[in-house]
Each structure stands twice: as structure tokens, then as C-alpha cells.
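Work the whole structure out from these sequences, hints included.
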Amino acid sequence: MYRIKSSFISVLTIVLALLVSCEDLDELNVNPNGVDPEKADPNLLMATIITSVGQSVVSLGYGDVAGVMQHTQKDGWSGGHNDYDWDHNDKSWAGYYSILRNSDELYKKSDDLELDFHKGVALVMEAYSFGLITDLWGDAPYSAALNGEAGGEENLKPVFDAQKDIYLGILADLETANTLLSEESSAYSGIIPSQDVLYGGDVSKWRKFANSLALRYYMRLSEKEPGIAEAGINNITSDSDKYPLITVAADDANMDYIGSSLSDSWPTNTVFDQSTTGSYFRVKMCATLVEAMQALNDPRLAIWANKIEYALVLEPGWEDDRDEIIGNERHFAQNIADDYEAAWNNTLNYDPEWVGIPPSLSAAPQYNLNPYLEQAVYNPHVSQLNDIYKETSGPLLKSRMMSAAEVNFILAEAALYGWITGDAETYYNAGVQESLKAWGAGDSYDVYIAGATFAGLEEIIEQKWIASWTAAAEAWFDYRRTGMPALQTGETAKRQALPLRFYYHWDDEITLNPVNAQAAIDALEPTIFAAPDNKNSAWSKMWLLQGTGKPY
Amino acid sequence: MKYKHLLPKLTKRFLTILAFATVFTGIIPVDASGWNNNESVRNLENQQPFRVSGKVTSSIDGMSVPGVTIIVKGTQIGAITNSNGDYTIEVPGSDVILVYSYVGYETQEVAVEGRSLINIELNESIEMLEEVVVTALGIKREEKSLGYSVGKVAGEELTRVAQENVLNSISGKVSGVTINSTGGTGSSVSMVIRGATSLSSDNQPLFVVDGIPLSNTVNNIGGFGDDNRVDYGNAISDLDPENIENVSILKGPSAAALYGTRAGNGVVLITTKTAKDMEGVKVSVISNTVFDIPSKFLNVQSQFSSGFFSFRPEDVGGGILPDINASDGTGNGPENDRGYWAVQWDAPLDANGVPVPTEVVSYPDNVKNFVNTGFTTTNSVAVSNSSEAVNYRLGFTNMSNNGLIPNSDLFKNSLSLSASTKVHKKLTISTNINLSRSWSNNRPSSNRGTNPLQWAYSVPANIDIQKLEDYWVPGKEGSVVRSVSSNHENPYFLANEVNNSFTRNRNYGNLVADWQVLPSFNIMGRFTLDQSDEVRETKMAPGYSKEPNNGAYGIVDLTRSERNVDILATYNKDWEAISLSISAGGNALYNKYSSISNSSKSGTGLIVPNVFNVQNISSASLNYSNNWSQRGIYSVYALANFAWKGILYMDLTARNDWSSTLPPENRSYFYPSASLSVLVNEIFNMGKQMNMLKLRGGWAMVGNDTSPYSLYPVYGNSGQWGDAIRLNKPGTLLTPDLKPEEATSLEFGTDLRMFNNRLRFEGTYYTVDNRNQILGNIPLAASSGFTRKKLNAGLLQSKGWELMLGVTPVRRGNWNWDLDLNFTKNETRIIELDEGVDVIEFWSENKSKSYGYAVNDETGEDGLVGNIYSSRIKRVTDQNSPYYGYPLIGEGLDAEWLAEEEKVKVGNFNPDFIMGLQTQLSYKSFTLSMTFDWRHGGQYMSQTQRYMSESVMTQTWLDNLIHPGDLGPGEELRNWVIANADAFLLSENLRPIGGPTPEYGGFPESFSGVQVYDATFAPGVVGYHDEDGNFILDHENLGGAGTTFLPYVVSFPWDFGTPSMFDADYIKLREISITYQLPNSISSKAKMQNVSFSIYSRNIMLWTKDSAFGIDPERAFQAETSSGNRGTQFKQGIERYNVDPWVIPIGFKIGVTF
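Quick mapping for you: the protein sequence lines, in order, are chains A and B. To convert, note that position 308 of the first sequence is 314 in this note's numbering; the numbers rise steadily by one, no gaps. To convert, note that position 384 of the second sequence is 1714 in this note's numbering; the numbers rise steadily by one, no gaps.
No lab work stands behind these hints, which were simulated from the structure alone.
Restricting the straight-line Cα-Cα distance to at most 27 Å, the calculated cross-link-like pairs of lysine-lysine (BS3-like) are:
#, chain 1, residue 1, chain 2, residue 2
1, A, K45, B, K1922
2, B, K2233, A, K541
3, B, K2179, A, K97
Written as C-alpha cells, this is what we have:
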């Protein structure tokens, strides 16, 4: 009996003991799965921001914008690339604002910690990202953006700023960045070179990048606000000590790829995507770029593209249907050529080396007698991209955020307008030379420049267009501003003109920030190509283009 | 003092009912116990055996009653009356007492007193009404005293037909409960009580087994490798149905308030079997075997081979057709079975290595040939013993399944022990321990990617799938897979070489001490533990195109544990007219979850193929992570029950919780409940036929906390970039001062029993207002810098009806027929969200979205949860135009219907109502049982139908075409189209005119100089509206001049969601079984108490309103490894390749007790 009683007491004691030995509820709710923002070193955010910007540049300029600017064409799932078949469900800006959330955080943290280098980097990246947003869409939330944490209607549904104010804000930030980055490198603390995947912690290069970007945005205003553009460019070039620029390719703002997994590799690599209709195979050279470069005998063509495997050779004397591979040529009878051209409504390209697909062509998958009818596969009669673009990383596989070539071309243009002293041709030649250097073809400069002589704006913009390979967004923005190069669309283009912008996105803002989004849409000016879209069209003009008569 | 008698009495009644119910249905061994009487046992010892016989009749109609159990009191000696009501029983002596019992009748005890003939008249029982149900905290209550509705399912109803997951057995049996299987055997099963009350969780109820809260969720999607999504099934399937005594479903917060926080979605209380008082040693064995015979497949066409153009020999100048390439991936090549010849994928080569044409024939049974007949066996054995000192029951069940998909399987072993002992006359200690192990060598993957069925259905109709069965290219075994083209996966390879295995060990149990301090006062202390450890592994051989670098490997170890400590003190007091019971208690909950995961990054693969371990992944390709979370909730609670003269009953409860997941200032939350029931028939004399009329009502609140770590953000890790570390600030805004959620419910109901219980009715109406919902998925304008916000928002209101009607139309002689019908209707509306928040999104798929908008009269939003929005056809809106209302068509190659920018409500994925019917017909030893399930209303979208119609591989799309008769392109065709404008132009149905062959009315078009008659066109007009809204016509696309005719292969309107939307109405035969109970006279000769045989089937689709394509509407769930921030991984109302064939199972069951 006593035994039972004592066992009962012991059970009760155990139960009660368990009950009172409770954990502290506050301690239970401390998240062990991430880093406390209060304690995190701002350096840890830096690489995130730089790589996100870098990947965005490639995703635009090697993606659909390369299609718009006729560097490349796709022959499968090509609507967005070849034909600008976009609408308000494509091209979200959420990714850019996500970068900005991080760069804003980097700025605030480094401001608290008085880390000027980090603040400068944050401002440059913020300017770059806001620059892309306004370049691509037009008016956008800027001054009221990124304040979601503060809550409230005005922060959760930010007002859109006028595009002009955004450019001016960016330029002011870049000016601040130039000051922040102006000290000797010994004056800075907290720099971890490995976290700066762009310049390895080299403050002076960031300073050049900041000023070069400012140059870019001043020139962006050349048609709409020539006064601001001139004054700004003049100011920068008047004091090269105060405003150092990227003038040699060695200082280019290039980000390398790592190549260890899909997420840090060149996007068209065939290592992680081995599908025969994978991202490498569905992209081909565009005829517009190929022919422009052939005309200039451009050494970069062989760096960017592969020669075709089999050249087409027509044999008018052959009996019908005869079709043979002889060496590295495909010979065929007249009726094959006739049938093809009748069926596909385009002409065969007999170039023995380089063949690009014409823009917005309905028969892109079948182009040039492709024996493989399936879309987006290898075509032996069309130039694929160079084999280097099958790699995950490599010396030429970089995100090219800003180059010495671009800076020199901007200066050439400014000189041409008489905004700065100096010779436009000299700057033009330097631009060409730095681009060739950037692509490892510096040795060909002398020969090349002889065949690509400067004559005026057209040459500057054409060379800038060529040099923007894999970073074609800048060429698109130049096209809108100048109408050059004078690109024409093809039959399947959504409208018979190049698009001018991205649509404001349904899920980003139109449904979630409707009043402000509608005001921005109302401020757009539809061109004749916009219908049947409403004002929110890729063929509507943003403030920057309104009244300029450019590009059409 | 009354209490002391009440409990045994109730228990006895309950056990009696159960015993007879089991005999009646013959599933569970006869429980041969009466109420024990030690004295009579002892008296038997020196007596002579003796034989008694007689007849049992009913006092009402004098008819004989078959199936009555007769037991010698205090022994296990028993007999059952035959079909004429006659019985014979050997009794051990002449002065024993016989106990006669039968379901629906009062039990009678008769002293033998030396008689050899005893005829008995049984009175029908009214006490049947005093059914006992298990309510919150495991308290057994008379059902008539409850002020709220409780759903009940007896154990034998769960096991009549073997189901791998016990939840499937509840389907159709309880009103207010919606059960959906998301896939085939072993998949997650969703159970939702009274509709979704939360927008942020999976709405699964809390399961409590013998006081042990068990974790269960439908978030069980895992798998490693690109597009390899595997449903590992709910952990609740670890429960062994054979071990369940009964299930009580506490539907509303009134019933569930005492379970606190997690009871917001209802509580499923499960009581497991224990040894019955003093019944001695008993062994029962049950064996089940089920064959799942595939019976219905998707409605795909086998008329056309692979290709873009349905060439005929005459189109290409006679003779051999152009090569047929499987790589085209579309089903509009030359027709099969027409005697055509072409070079096909497996063309033999001639002496010069040139492919030789073969005849183009169809293989309509490809998928049928691919799948297997499923096979499941379940065997269980249980031993129980009950003596004065100790009661125990030990059960073991083994289940093994071979699935429909080749190489898929599922196994489960479970061992359970329940034991109790009286260590002192006032102290009982009991325990319940369950060990289960579930495992599979391979669970088939779902959705797109590695799903073998996706690729089995993608095999072109002109290719025999069986030629792919040897899936390695000879000489390249283990590295190169044979496939019909480079863009097709081989389904046999995926089934056999992508192995998603798991092993889950789950242990749960309790330790309970019950101290009867005073006759009127007792204290219960309980410790419960539920822990599971699950290892999931993916082993992928080289050969899957999305994992091109030697395949893939991944392993994750998931552990969960929860412990609860409870103390509950109860005081009872009875006065003349009033009885009172008051309890108070406390609970401390602690749970912990952790995971460790290692895998190859998507596409990066392994160093060496077919070596599956972590060290075979290069360091740059390795994905590694671990996570853990913990939560604690401390609670105190109290409840009081008042009863007045057996007429009026009132329950009050109150509980306060403190949760670790909420901020300290909002951590404590209190919630009370009250319910009342009145037995009207006890107040007024309503005649003999009225057995019970009860009115009841209840009001309750339940508070709820949130998931751990919801208050403050931490930086996430974006993975390294070479040497650089990349942390990121998350895009979801958190709210540090979150408040607890608060659900308030109100329910009213009535229970009616008439004509000796042969008419039974229960009706309940309820509302639930769920306030301050903690929503993690409120979308924000991207420019705010954040994309989602977690906050307290809004008000969600559910309303519903639950009706149950039971009748016993026949109860005479050898016949008994019961019918039970239940009806469930629930509607959940979002009444308000948050300021500045207009909408939440459930999913975005199929060019459609499932949005939740708050009710808004101005915009016409109905606020219903489950609404599906999609684009309508863009039309001419200019009323002055002759084309008013005509569809607008794109230009050139895009000459298809254009979609409106704005999406409008097109459907809702929730049913209008569901109805269940159970019927049981017995004649002599045979019993026929059936359960039907009818879902009415609601829609779902099928992405399978969309993808396959886009590739023109479905018969349904062929059947959808409009045949233009003899009309060719021209004015006559145009006029005919306009004459039929209502059907062709003004309807929302998107139907192209024309078809793939001249027989379908295909129009001519030319390809590469060859004319083919396979064109269609989308009727409408091309043009635009000017700024004033005037329609400016560019040209007509009505069949006349200017019409663009496009090949049939591009005829599907990809930009629309509605062509792939279907009504979800169906009727399923959930269960059908015929049971034969071996008469006792025979079984007793074999020294067995009970022998039964059954043959059964389950889940047979009887009717669907709109399933021409063959998707099971119940399985309109799309599995995703993550689905937003919504706490669920299934997108409801949409599916993508969730296409197991419909099966007709055939099952056999044998049960023996001795």
C-alpha cells in the first residue's frame, strides 16, 4: 500500500515537474534560421546587389531586347524575342525593386556605420536600377518607393514620380557617390574585396563607374532636355580629376560568371541545360547584325557567332528533288529552292560563312532550308552563337554594365554636338578600339578602323549598337533617342515598328496601386502603332520621347 | 453518488451497443462480454453441462428476431439466433443466467433455472437514444445532453472496406466534412470541416488520438531534381484503422473550444481499441486483399500520328508519306490505320543504312499497357486480455501496396499497445503506445517533369509504348535512354530509374494517471508524445533530360515532435433535480520541427552516375540547408456542465492560452463558449412515437496564434557567388505586433428520433466569423520595395447547413435495411480584408487566377473563397457596328481569338453542396453496405487538357470543332457563319471552324508547296476601337475574303483558361461491400467465435457532369514544392497531370476471432 502511494506521488511529481519546467516563451520565438539584420555586416548584402544587377543586364540585353535590337533572333518560343509580343502580364519590375530594397538597406546600414565606400556602392547600384526602371517603363515610384516598412497607404501604394525627376534624382545620387568615393583607398574601412564582385573593393574604379553612369543619363536627356544634357556632360568632362571616367577597357564595369550551378552561370550554357531545344539552341544570330558586321569585316563576328556548318549551293542543272551534302556544302536542285521560297515566303541565303535569321520572320525555325523542322533546334544553315556561349563561364562571358567604349562613344556624340571640346572622331576611334580590346580583338584595330571610318552620328550609334552585344538595352535606349540604327521589323512583329518601352505590369502596380498607376498610364502618349492597346502600350511614348519626333 | 453508477452504466450500454453492432455487421469479432459478475463465474465450476434452446421474438410485431446474441453471463460462451429466431446454447450449468441482446432492443437477462426451452420476447429499446459520444478532452457524454453537433463514425465503419488512409473511410459518412484525395494510393488526403475558415493555412483539423494531438498537414510535397514533385502522403495515414474503436468529429468551435488554438478547423477525436472488461484472452485476425483494376483513361485521340500536317499520299503525289517525327510533339500527323506508310521513329535500316518506311498504325491502349493493376494486402492481428489486475491489447498490422505505376509501392507496419492497471482502488494508470513505420522504395512523382504518366500520355498514337519498356539503349545501359525523340522522356525509365523513397518512423503514446480522490472528485494527469522521423531520398539515374549531368541525388531528414502535459481535475455533484460537473485543467504544449537537407543543385548532377550519396556531389553543386523551429503554448481551462431533470443541459467552457509565436503584449488570449440543449419531448408529452426532440444552440470563440518566427525578419541566403556571400533582405513584410486570430461561431440545431428510432434527423445551421486572420500572402505593389505582407486582416465569414436523415424502412424477420443521408452546404465569404488591401491570390495558372476579393456591392464581388477568374473573349463593343458582339481576332499567324485584359469570375472551386448516402441491407448472415458521395456545383481547371489540346492530342478538342459541311472558303461560308452567329460568334465557347481532314471539313492550306486539307479558322473580325469607341474594321475573319486559315495543329486558344475549365459535379460509390457471417453453429465447431468474409469495392466514379476528358474532379489539386506563402502545397481547383487512371478496385476480406 505504501509502495503504491509513493509511486502515485512520484508520478504526480513528474507530471508537475514537467508542467513547471516550461521554456521561456520569448526565447522560443527567436528565429535560428537566418541572420539578424541588426547584427549583419553590410558587406554581406553587397554581392547580392551587384550580381542581381549584373544578371538583369544580361537578361535584358542578351534576352528579348537583343531580339528587339536585332542582335539575335529565336526560332522557337520566339514571340517575346522576335515579335515584341508583350503585354501587361510580361516584364515585371518587381525584380528591380527587389534589388533596390537591398541596396536601400545597404545604404542605410552603411550610413549608420559611416562606411562611405559601401554608401557609394549602394548609391551607384541604386542609380543603375532606378535608371533601368525609368528607361524601360517611364514614370515610376521613386521618391515614395521602398518605404513599405513604414506602412500606410502612401507607402504601400507609392505615388509615381515624373520621369524627369527620376533622372535628376539619379544624377544627384551619382554626384553624391562621386564625392563619397573620392578619398584615397586608405581612408576607407570595412571593405571586403571578395564581396565586391565587380571591382574587388577598388574605390577609384567605382568612382569612375559613378561618373560614367552620370554621363550615360545626361546623354539620355540629349533630345528632350538638351540644356541639362549639355551642362551635365560639360561639367563632368571639364574636370577629369574631380570626375574620372571609365576610358579604358581594363576599367569596364564587368561582372564575371562563376559557372558552378545554373544560378551563377551564363544563361545559355549547355552544361546545365542539355536539351536539344535548350536556351543555347533556340537563339540564332540576327541577319541585321550579321550583315552590318560583314560589311565592316568586323573581327568580333567570329567571336560572337559560329560560321554555318553547311553553305547552300543551288544547282540549277540538277534533276528535281536532288539534294546532297558535298563537303561542307549542301547542293540542291532548283525545284527545292523554288518550293522552299514559295512555301515560306522568304529567300534563301547563299552566304558561305555567316547567315543570320531576318527579324520577325514567320519561318524562323525553317529558315534557310533547315532540315530539322522542330522549333528551336540546331540549324546547320544558320549561324549559331559562338561555342563560348555554351560555357558556364569564361573570360568573355561577363555582364557588361558599363564600358569604356560606351563612354568614348558618348563623348564622341557630345563633341559632335559641340558640347565638349575635343574631336568627335578621336573619341569615336577610341570607342571602337576599347570595344575591340574588350572582346580580345584589339590587334585588329588598325585594319578595322580603316574600313569603319567616322562620318557622323550614324557611325557612332552603329558602333555603339554593335559594341552593346549581350548588353543591348543601351542600344535600344539610343535607338529611341536617335532613331538609329534605322531598324525595320518583319512580318510577324506585333506592330510594324520597334517597341519603345515595357508595359506597366498588371500584378506589379495596376491592380495593387491602381490610382497612381493609372495616372502614369494617362501620362503616356500613344503612337500610331499603339492601337489596339490602350495608352499602356509598348508603342506609347514616355515623357523622355514625347515631342522629340524620335525614333518615329 | 449517482455518478458512480452512471459511468459503468454508460460504459456498459456503450459496450453493448458496440458489441451488437459488431455482431450485426460481422466485421469485428464478437465481443462476448456481458457485464461481469464474479460470483456467477465461480458458481459454474462444479456444474454439469446443459443445453438450452428457444425462439426470440419481437414484442412489437411478434416476428422472430435473427441475429440475437445469447451469452452465458460471466463467460465467453455464446450463441446467435438463426434466421427463424431460434437458438441453441450449451450452458455449463442449470443455474446460469443468459443475456439476450440485439441492436435496437433492450437487453434481457434470464435465469435458466433448469429450463431447456426458453422463449424470449425482446422489447425495442428507447435507451438507444442515449448514445454516448466522446467529446473534448475525451469526456464521454450522452449525446442528448450536447448543445452542438458531433459527427460519429464507429470503428467497424472505417474498416468495412480497407483504405490505406483512414480519412478516406470517413468520406461520405459525416455531414459537414469534405474529404478529397489529391491522388492515388499513398497521396495526401485533405479533410476540411465546415469549409475553409482560414486563408493562410491548409485548413486541416486537429487530430487527437487517445488524448495525443497528432500533427497532420497536406504539405507533403518533396522530391529533389528539376521538376520532380512527389507527394509523400499525410502522416495521419500512420494511423491503423483496425486499431480504431470510434471517431468523433467536433465540427464547430463550440465543441472544440477546449482544444484551443489549433481547434479552429475542428477536431477529430479518435479513440483506439482497448481490452474489454474481464473478457479474457481474445485473438482476432483480419486479412484484406485489394486489386485496383484500371478502368478509365484520358480521352486522347489515336486517329492521328505525330506531326504538324495530316498529309495523305495523294497530297504528296502518292506513295510514301514524309517522315513522321515524334519530336514534333503534336498529334496532327498523317492518319493511322489507313494503310499509309512512312519512315517512323523506329524504322528499320536497309543494307545501306537508309531507314525503311513502315505502316502507320495506331496504338490506342498505350497508357493501359503502361500501368499495372494495383495490389494491396493488409493483414492484422490483435491480442487482448482483460483481468482484474491488468487490461491490455496488442495489435499489429502490416500493409503492402504495389501501385498502378510500375515500380511504385508503399508499406506500413504498425504496432500498438494499450494497457491499464489499477495500482490502487483509487488510482488507475494507463498507457497507450503506438509505433509505426511507413516506407516506400518509390513514390511516383506528380505534376510535370518526372511524372511517368505525363510521358506515357505523350507517346504519339503511332508508337507502341511497349517498345520503350527496355529503356536503356543496348550497350549503353545505365547511361543512355531509349526515347521516341530527343524531347520526349521515356516513361518506363522515369518509373524505374527516378526513385523517390521514404521511410517514416512515428511513435506516439501517452501515460495517464487517474486518481479518484473522492467519489465526486478526481484528478487526471497525462503526458503525451508524438514524434516522427522521416527520411526522404531521391535517386535519379542519368537519362532525364532536365538532369543532364549524371542524374541527381538528394536526401532530407525531417523530424517533428510534440509533447503535451495535462492536468485536469473534475468535481461532480448531483442534487434532486440538478447535476453538476466542473472541471479545471492546464496544458503545456511544446513542439519542435527540424530538417536537414542535402542535394545536388538543379541540373548540376553527380560526379559519377548511379552512386547515390552526398559525397558524390561536387561542392559547388551541393545544396545544403537545415532549419528548425519550436513553439510553446501554455493554457489553463475550465468547463462546467449543468443538467436539470434530464430536460435542460448547459455547458460552459473557458480557456486562456499563452503562445510563444505572438508578441508578449498580445500573447495571452482568452476565449469562452456556451451551449444549451433542451429535450422538448421530456417537457411535453409528444406520444409514444416521439423518442426524442432536442433543440440546441451554442456560441463559442476560439483564439489562434501564428507560425513561429512571424514577427521579425531575418536575412535570407541567396547562395554564394564564387567566394562572395550573398545575403538578402526578404521581400515579405512582417508585422511585429500581430494579434491572435479570433473565430466566433454560432450554431443552432435540432435532433429528432421517432418510431423507435427508425426515423432519425439532425439539422444544424452555423456561422463562423473569423477575425484578425493572420495572412502571410497579402500582395503589395512592387514599388513599395516589398511584394508580400504578413498581417492581421479582415473578416471571413462561413455559413452552412448540415443535415442528417436516417431511416430504417425495413426491420422485420430476417431483413433489416438502414438508410442514412447527410447533406453539407458551406459558403465562405471574405467580408473585409485590410485597409489598402483589395485582393489576395490563391494561385495563378492556366491564364487564370484564383483570387479572393472582399465582398463589394459596387464592383459586384461576391467575396466567395475559391473564385476563379479568367479572361473572356475580346469583342466588338461598338453597338452601332454591324459586328457588335463579334470576337476580335488577331492578325496574320495570330489569327486567334483575343483575350480581354481584365479577368472576370468564371467559376469557383468549392462545391455548392455535398451529400453522402449510406445504406445497409442485411438478410440472415448477409449484409450489403454501400456509401455514396455526391458533389454538386463548383468547377476546376485541367492543365493536362490544356497542354494536350494545344498539342492536338485530345479527342475532346477534335470533338469541339465546328464542321462547316460542304462549304469551302467564300461568301457562302461567311453567310452561314453569320446565320449561326449565336452559336459561333456570340457564345463564350471557343470553337474553331474546320478540322484536320476533309472529313472534318478541313479547309485547304499549303505547306512547302503541298496542299493539305487540315485548316481551321477562328470566326470573328480584325480591327480596333478608336478613341470614341467606334469599331474600325480592318477585315472580316468569317470564312470569306480576308479570312486567315491556319492548320488545325495551331487551333487551340492558348490564351484562354476557360476551354480547360470543367464542372466538378460527380457521384462516387465510395464503398460497396457484401459480408457473409459464418453462422455461430458452424464457427463454434471450429473453436472460433466469429468468422466473416467480405467482398468489396471502393471509390468508383459513377457519374460526372462534365468529364469528357476523364479527369477525376476530386483530384483537382496541383502539387507544388512550394505554393506561395499560404501554408499549403496544393493548389486547389486546378490540376496538372494528376491523371492516374480511374480504377475499379476489387477487395476481399476475411476476419476470424478465436
